Every structure is written in structure tokens, then in C-alpha cells.
Amino acid sequence: MKFLDEYQNSELATKLAHRIANHTTKPIRLMEFCGGHTHAIMRHGIRQLVPETVEMRAGPGCPVCVTATIDLDKAIALAWLPNVTITTFGDMMRVPGSYSSLQQTKAEGADVRVVYSTMDAMKIARENPKKSVIFIGIGFETTAPTIAASIIKAQQGGIENFHVLSCLKLTPPVMKALLDSGEVKLDGIICPGHVSVIIGSRPYEFIPADYGVACVISGFEPIDILLCVGKLVEQIEAGQPKVEIAYRRGVKPQGNRKALELMGEVFQIDGANWRGIGIVPQSGLKINQKYEHFDAAKVFSGLLRCARNDKPVREPKGCRCGDILRGVATPFECHLFGKVCTPEKPVGPCMVSSEGACAAYYQYGSAKIFGNF
Amino acid sequence: MPKVMCLAIPMRIASIEGDEAEAEVGGVVRRVSIALTPEAKVGEYVLLHTGYAIGVIDEAEAKETLKLLEEIASFSEIS
Chain D
1 MKFLDEYQNS ELATKLAHRI ANHTTKPIRL MEFCGGHTHA IMRHGIRQLV PETVEMRAGP
61 GCPVCVTATI DLDKAIALAW LPNVTITTFG DMMRVPGSYS SLQQTKAEGA DVRVVYSTMD
121 AMKIARENPK KSVIFIGIGF ETTAPTIAAS IIKAQQGGIE NFHVLSCLKL TPPVMKALLD
181 SGEVKLDGII CPGHVSVIIG SRPYEFIPAD YGVACVISGF EPIDILLCVG KLVEQIEAGQ
241 PKVEIAYRRG VKPQGNRKAL ELMGEVFQID GANWRGIGIV PQSGLKINQK YEHFDAAKVF
301 SGLLRCARND KPVREPKGCR CGDILRGVAT PFECHLFGKV CTPEKPVGPC MVSSEGACAA
361 YYQYGSAKIF GNF
Chain S
1 MPKVMCLAIP MRIASIEGDE AEAEVGGVVR RVSIALTPEA KVGEYVLLHT GYAIGVIDEA
61 EAKETLKLLE EIASFSEIS
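Sequences listed follow chains D and S, in order.
Residue numbers for the first sequence follow our numbering, beginning at 1 and rising by one.
Residue numbers for the second sequence follow our numbering, beginning at 1 and rising by one.
In short, the hints are calculated from the structure, not lab data.
No experiment lies behind these values; they were computed from the predicted model shown.
Each computed DSS-like pair below joins lysine-lysine, with the alpha-carbon atoms no more than 25 Å apart:
(1) 130/D / 106/D
(2) 286/D / 131/D
(3) 15/D / 67/S
(4) 311/D / 298/D
(5) 185/D / 26/D
(6) 153/D / 298/D
(7) 242/D / 26/D
(8) 67/S / 252/D
(9) 153/D / 286/D
(10) 311/D / 286/D
(11) 242/D / 67/S
(12) 286/D / 176/D
(13) 311/D / 106/D
(14) 153/D / 290/D
(15) 242/D / 252/D
(16) 41/S / 258/D
(17) 252/D / 63/S
(18) 153/D / 123/D
(19) 298/D / 131/D
(20) 252/D / 41/S
(21) 242/D / 176/D
(22) 130/D / 298/D
(23) 15/D / 63/S
(24) 63/S / 242/D
(25) 106/D / 131/D
(26) 131/D / 290/D
(27) 153/D / 41/S
Please take these sequences and the hints and turn them into a complete structure.
Below, the structure is given as C-alpha cells:
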């Protein structure tokens, strides 16, 4: 068993889709929270496999996309400070800030480096003791514990020139914000698999209880997603919404205790600024007082204010990323999509990031959706 | 390595040294951190996310799910 091939069987996928069609009696709308799910759904043509009555909407689960422009502007301002090296996941490089991108900033001479892991960023810090190495900490609960672990390791190893600009965000609070806004009516949520490896299934329990919305945690292979959609349809048809795990090989109800413990050691819950949504209370993580010497926002706060010089934040004109992240619009409803805005020349972050809904719809969507098989 | 951040790929732990391990998938070997999964053992599969094992795959649950899927598949053949 490799835990991959078994979940990519097309014959089984067709049977599962057939079963979903047999159990559906009314139109329903599901949201896949996670950008990884959007990507898999489009890549495997799952929107075409499930009956037309099952509508699937992308949600705000793309870490690059939900990073507010002001946080990107801060990262770029930090890059221009003397003796600073910026380290970041690759997807952030091309995201446009108000006036520039990290890629452009690098081209203009700032020291900006792409890393795969916080461990790589720490290695750069260790090898360059005279530079301040700042990691742009984007991500959800999946990534937060890896950043916590790196900060603890930096503390233990005395790597004092390693810093993190925390833009970390939390999943259940933003789900609550979307449901409270009432902008998009949902019957069920495909809950993120790898966020749930960390937090478990319990933090979602308020969703069926308070909002009557079904929740099923899904893995990322096509069979996983179809199994999840099948369970959501069953719950919705029975009128009995609850939280279920359809990704049992990875997710336990209690989550990963060690990861949660490390997150609790390093971070405290704070409000967070989400692109297209705004500031959502209790939906972010900031580095706590004990580890504040690793907190780039704190250590460089004065310099950062000067460097940014209060330049106003500008959003890309005509871009509907915000609406798409809230599930209010699909990429096809954006006038820029596929015309002005393409993966080669992206206008907004949803087209830049490989996890962004626009990138996934562009890459895999048009051929199948427009019947060009 | 994939760029998709939510993604965590299953890799098999080949050897362990402190809070780090050598993990393997399809012949590719990577040095990974097991700081978040101290319970991981050699031979087990972990979900790897940005260089960290974030969870150990439960083989018994995986088999159970596959059994369930087979049942669904055979049932839908009849119905």
C-alpha cells in the first residue's frame, strides 16, 4: 500500500459518482474550503462527474490568496531594509502587492529567496549570522505547527537572526465569518484534510449545531473527494447535518496533540486580515511575548513604519479575488478571467497561486466545462 | 516537490535520527523533521508538508476505508 494509487481508481470513481446521483433528490451547494481540494476537483473533473444538482464552490482556503495586500506590502518593505534576507514559499513571489511583488523586488536587487521549508530558512540564517533572515509565515493550521517547531528550534539553537512575519490564519473562525455573513447559502462543507490532521474534527462541531450545515473532512485524491461528497449528500438528504471524517487514514477526532502543543507554546490567537473578507476576530496567530524576539512584526516595527511611509494600499483593479474567496462568485464570473488575467500574466493572487481557484479553473476548467473533451 | 501548500504527500520513514528522519517515496529520499510526529516509526508512512511530517498514516483505517469502498462498488453494481 502506498496510500495514493488506491484512491485514484477511475472505475471506482464512476461508481461512487453514480451512487451520489442515485441519492440526490434536490439541488445542493457545497463549498470546498481548501485550495488543494479545488485543485484536485478541477484536475480530476469531479464537477463533471457529480450530478448537476450538486454545485461546488471554491472557498477561502488558499493561503497565498487570502494574504492581505497590506501584509505583502510589509514583506516587500522588510526586503528593502539593510542586511535583511527575505525567505518565502515560492507561490508568494508573483503575488502583486500595492506597488510591487516580491519577485520584482528581488529583480531590483533585494535579497529574496524561495524556500521549501522553514528548515531551509533557518539554515540560511545559520550560515549568514550577520543578516536578519525573515520568513514570510503564510498558511493555515497545517503550516502553523511547522513554523512553531522552527521557532522553538531556533530558540534552542541560539539562531537569533531568524525571524517570522506571521500571517497565519485559522480555518473554523473564517468559516463562521462566511456563514454569519449569509452572502452565500451552503448546504455542506468539504472540510480541509490537512488542516484537520492538525486540529481534528471537533473544532467544526459548531457548524452543523449552530448553522445546520453538513461537514465532512476529505482527503485529496479523487476517490477521497467523491467519498466525502457522497457522505455530505447522505447527511443533507437525511436532514441530519454533523461532522464526519472521510479521511480516516490521516485525521483523528482529537487531531495531532504534539502539533497543537507546539502551536500553543509559540502563538497566541489574534484578529487577522483576510483578502476579500477583512479583519476577522480570533482568526489568526501571532507570536506570543515569550518568543517575541523572533517576531519580525515586533522586532522591525519602527523600521517597517518608516519604510512603508504610510503609502496607501491598492488592490488590483477589476479583480474579483475577494468575491471568489468568499464563495460569492466563481472565476468564470470575473471579467478579467482568462482574458486579461492568466497564469502567465496574473492580475490577482487567485490566478498566481497554484492553489488559487482561478489558476485551477484556468488550467483544468475551460476544456471540460465548455464541452471540448 | 509540489508547490501546493495544503498538500501533504505520503512518504515512508526509512530511518530516524533524533527529531529528523530519512523519508522515501518513489525512490526519492528526503531528510524530514519528525518534531511534530515523535511517535513515527521506521516503515510507517507519514504525511509530509513543507519538510515536516504532520501526521502518521493509520494503515488499519486506510484498509478499512478501502474495504468500505469495495463494498460500495460491488453494491452499486447490483443496484
